[in-house]
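Asker: The primary structure of each chain is shown beneath.
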Amino acid sequence: MDEKRVFSVLVNNHFGVLTRISGLFARRGYNIDSLTVGVTEDPEFSRMTIVARGDHAVFEQIGKQLDKLVDVRHIEVLTPDDAIIRQLMFIKVNTKNRDLAAIREIAELFRAKVVDVAEESITVQAVGDTAKLEGLENKLRAFGIREIVQTGISGISRGDHTLIGMKRNAEKAVIEGQFNG
Amino acid sequence: MKLSGAEIIIQCLKEQKVDTIFGFPGGAVIQIYDALFRDGTINHILTAHEQGASHAADGYARASGRVGVCLATSGPGATNLVTGIATAYMDSIPLVAITGNTPMNLLGKDSFQEVDILGITMPVTKHNYMVTDVAKLADTIREAFAIAASGRPGPVLVDIPKNITIEKTEYEYREPEPVTIPRSPATEEDWNRAAEMIRRAERPFIYAGGGITLGRAAKELAALVRKIDACLGLSLMAMDCMEKDDPHYTGMIGMHGSKASNMAMKNCDLLIVLGARFSDRVVGKTEGFHENKRILHIDIDPAEINKNVPTDHFIISHMKPALEELLKRVEEKKHPRWMGEIRELREKFPVSRAPQSKRPKELLDALTELTGGNALIATEVGQHQMWAAQFYGFRQPYSFLTSGGLGTMGYGTGAAIGACFARRDRQVVSVAGDGSFRMNCQELSTAVQNKLPLVILLMNNKTLGMVRQWQTLFYNGNYSATTLDYAIDWVKLAESFGAKGFRIGAQDDPRPVLKQALESGCPVLVDCDIPLDNKVFPMVPPGAALDELVLGDEA
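Sequences listed follow chains A and B, in order.
In this text, residue positions in the first sequence follow numbering that gives the first Met the number 0: the first is 0, and each later residue adds one.
In this text, residue positions in the second sequence follow numbering that gives the first Met the number 0: the first is 0, and each later residue adds one.
Hint data in this document are derived by calculation from the structure and do not stem from the laboratory.
Each residue gets a CB set at the ideal place from its N, CA and C atoms; glycine is no exception.
Any given hint might turn out to be false.
Coverage of chain B stretches by chain A, computed from C-beta distances (three or more under 8 Å per stretch; other residues unrestricted) [as the list claims (entries may be wrong)]:
1) 118–125
2) 298–308
Below, simulated DSS-like cross-link-like pairs (lysine-lysine); rule was C-alpha separation at most 30 Å, straight line [what the hints assert, rightly or not]:
3) 91(A) - 3(A)
4) 135(B) - 67(A)
5) 67(A) - 319(B)
6) 63(A) - 16(B)
7) 333(B) - 63(A)
8) 67(A) - 167(B)
9) 284(B) - 171(A)
10) 63(A) - 306(B)
11) 63(A) - 319(B)
12) 319(B) - 171(A)
13) 292(B) - 171(A)
14) 284(B) - 67(A)
15) 333(B) - 67(A)
16) 166(A) - 135(B)
Derived DEER-like restraints, expressed as beta-carbon distance ranges [unchecked claim]:
17) 346(B) - 165(A): 42 to 52 Å
18) 2(A) - 532(B): 48 to 58 Å
19) 42(A) - 424(B): 49 to 59 Å
20) 3(A) - 331(B): 43 to 53 Å
21) 165(A) - 182(B): 14 to 24 Å
22) 182(B) - 28(A): 46 to 56 Å
23) 307(B) - 114(A): 42 to 52 Å
24) 14(A) - 182(B): 51 to 61 Å
Pulled out of the complex, with its shape left as it was, chain A reads as follows (with noise of 0.2 Å):
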């Protein structure tokens, strides 16, 4: 059955990584839906949220995998539970003939901003997780969308810990040579 899953990798922030984590993912029959990349705290790492479909079997090779390579360094799985996952999403709506004030409703009900308005349409920009975008995205749908663009999720675990922190942590724990794995 088909699930999704959130990984949060810490990869050296090298040219090339993006290649590896796509190329291994397109080879291996591994499928995507999203994956954002952007370096962290500490410049020398970059850090890539992938949400990935497929089963525990698929899910526990996509870790396994990953750990292989060398230049990621560590991996955490996002729960909706313990961490803050959100994208961005903007909504470009046909105002030709229709009524602004609702659709500026419908923007504030799901704390969406109007960042820009046209002679015949407005563009609506929203920060949730996906079930809420999707909510957003049926309520305009009746004014008529003309574009959307959206990133693919970032996520972060709450609580003080971090990601780099926690492979900091590992590193310590495992005695010489050990796997992380």
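Following the hints, complete the assembly by docking chain B onto the known chain A.
Answerer: For chain B alone, coordinates are given in the frame of chain A:
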């Protein structure tokens, strides 16, 4: 001390105690070749083709247990290495491949002999690098060697733009850190559970593979097999890790495995998998494979656990320490009924029963007799490879160099050349087929140039035999593109390279000619006629379960 990038490469190879490298020069590496020449302490072997260099480095690594090194120029030089790198990757062979590239200011501009070898080799290397700063060159090469040799070994490629080989920077000698065998993360409880599984087993079967070869753990494997009285089947990658007449040994497992091994794998109540990865050629159909048995999987690579077949218990470890640990914890056992059953199968259905492999068996029996089973055997890929696995009587482990994972035709000659340099004390024989040998026969020139005492035993059936066998059995005898009815005179071909060429007819006693070949002390090609329609049996038809094997014992 300020050195050029090229000189630093040579110094770093010397840090790693590299004595021999295989390669082919070109524009992007001319600086490195100049440094090699001026240094003069590293033995550089010029091959006929870069593919030969990568296979030779692989053969060197397999035969010596050390990291093999190959060197090629940018563009086609680099791409020609790729098959050899992929071969090493699939069989977990430690290799460092160094390639030149165009100077950095020309990269990304489709410059002459520019290719994105980093992108090309990403899926077939354990890791790869492009060095863009001469100050990082030495550490990159050191890291490459460490990665290639540690954990589950594999090839690492270092791509070096030409300007980096010219630029200078400070170099300081550094002693390489010894490759330590890491302690297993397994807990006391994990080991005890493994031992308990073994203690409870009534029909234990051990399936061991390349991890035993790579971990040089044949002795410990034999000790465990005897202590717990289990039967043992080997995958192609560990064919040389047990003597064929050992009473516990049941033969190769899988598609061309013995009936005893395949039935034991099916009927055991505990399957102990050591340094092996449940390849499709070994397990056949995975559905139903796990039925009525427990599986204990021990491997160095966590990603192999539950990849192809789910296991009941696993331990992440190198083979030698794992076997030592198990030996401490298991008690002596006897399984007379189970061993009796399997021995009966072994006696009743020996692999040698198939009349269609009679002649290849005679040739390999003669080779075993004349070499005392002590030769290093390289193979190409196809029928002759399976026959060599089935019939050569290895008396020493770690002596079988064969492309198991990738199945690379054209591997054997290069690998055998590499083995000759790694082990000058051993006789090296490449068992080849005519189809495979033709792919890289130009490496005969490398063997002659270096006066290597290499014997190539060419099983010549004038066809691409393994494909023909499938066409006979599954494709109504449509021999599409498999008949090699050319007029190559292999003896003359060998002679034209400056090697010796001998011929053994289909009816001849192979021993006198083989003996002469082995005593020649120079490259010899022995063209052995074998019948066109000889086949490899037993055979599990593709997609079938292991017990559905065809014995092929009808004439």
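Asker: Determine for every hint whether it applies to the structure shown.
Answerer: The hints, checked one at a time:
1. 118–125: holds (count 4)
2. 298–308: Check passed, 6 qualifying residues.
3. 91(A) - 3(A): Satisfied, since the Cα-Cα distance of roughly 28 Å is no more than 30 Å.
4. 135(B) - 67(A): holds (23 Å)
5. 67(A) - 319(B): Answer holds: residue 67(A) to residue 319(B) is near 22 Å, not above 30 Å.
6. 63(A) - 16(B): This hinted pair is violated, its Cα atoms lying about 33 Å apart.
7. 333(B) - 63(A): With Cα atoms ~38 Å apart, residue 333(B) and residue 63(A) exceed 30 Å; violated.
8. 67(A) - 167(B): violated (34 Å)
9. 284(B) - 171(A): Given pair residue 284(B), residue 171(A) is violated - Cα atoms ~43 Å apart, limit 30 Å.
10. 63(A) - 306(B): Cα-Cα ~10 Å, so holds.
11. 63(A) - 319(B): Given that 30 Å is the threshold and the Cα spacing comes to 23 Å, the pair holds.
12. 319(B) - 171(A): holds (26 Å)
13. 292(B) - 171(A): Violated, at about 39 Å.
14. 284(B) - 67(A): holds (27 Å)
15. 333(B) - 67(A): At roughly 40 Å apart (the allowed maximum being 30 Å), residue 67(A) and residue 333(B) break the hint.
16. 166(A) - 135(B): holds (24 Å)
17. 346(B) - 165(A): 42 to 52 Å: The hint (42 to 52 Å, Cβ to Cβ) is violated, given that residue 346(B) and residue 165(A) are roughly 58 Å apart.
18. 2(A) - 532(B): 48 to 58 Å: holds (52 Å)
19. 42(A) - 424(B): 49 to 59 Å: holds (52 Å)
20. 3(A) - 331(B): 43 to 53 Å: Since the Cβ atoms of residue 3(A) and residue 331(B) sit about 51 Å apart, the hinted range of 43 to 53 Å holds.
21. 165(A) - 182(B): 14 to 24 Å: Holds, at about 22 Å.
22. 182(B) - 28(A): 46 to 56 Å: Hint violated: Cβ distance 34 Å, outside 46 to 56 Å.
23. 307(B) - 114(A): 42 to 52 Å: Holds, since residue 307(B) and residue 114(A) (Cβ atoms, about 50 Å apart) stay within the stated range.
24. 14(A) - 182(B): 51 to 61 Å: violated (35 Å)
Consistency with the previously given hints fails for numbers 6, 7, 8, 9, 13, 15, 17, 22, 24, ordered from lowest to highest.
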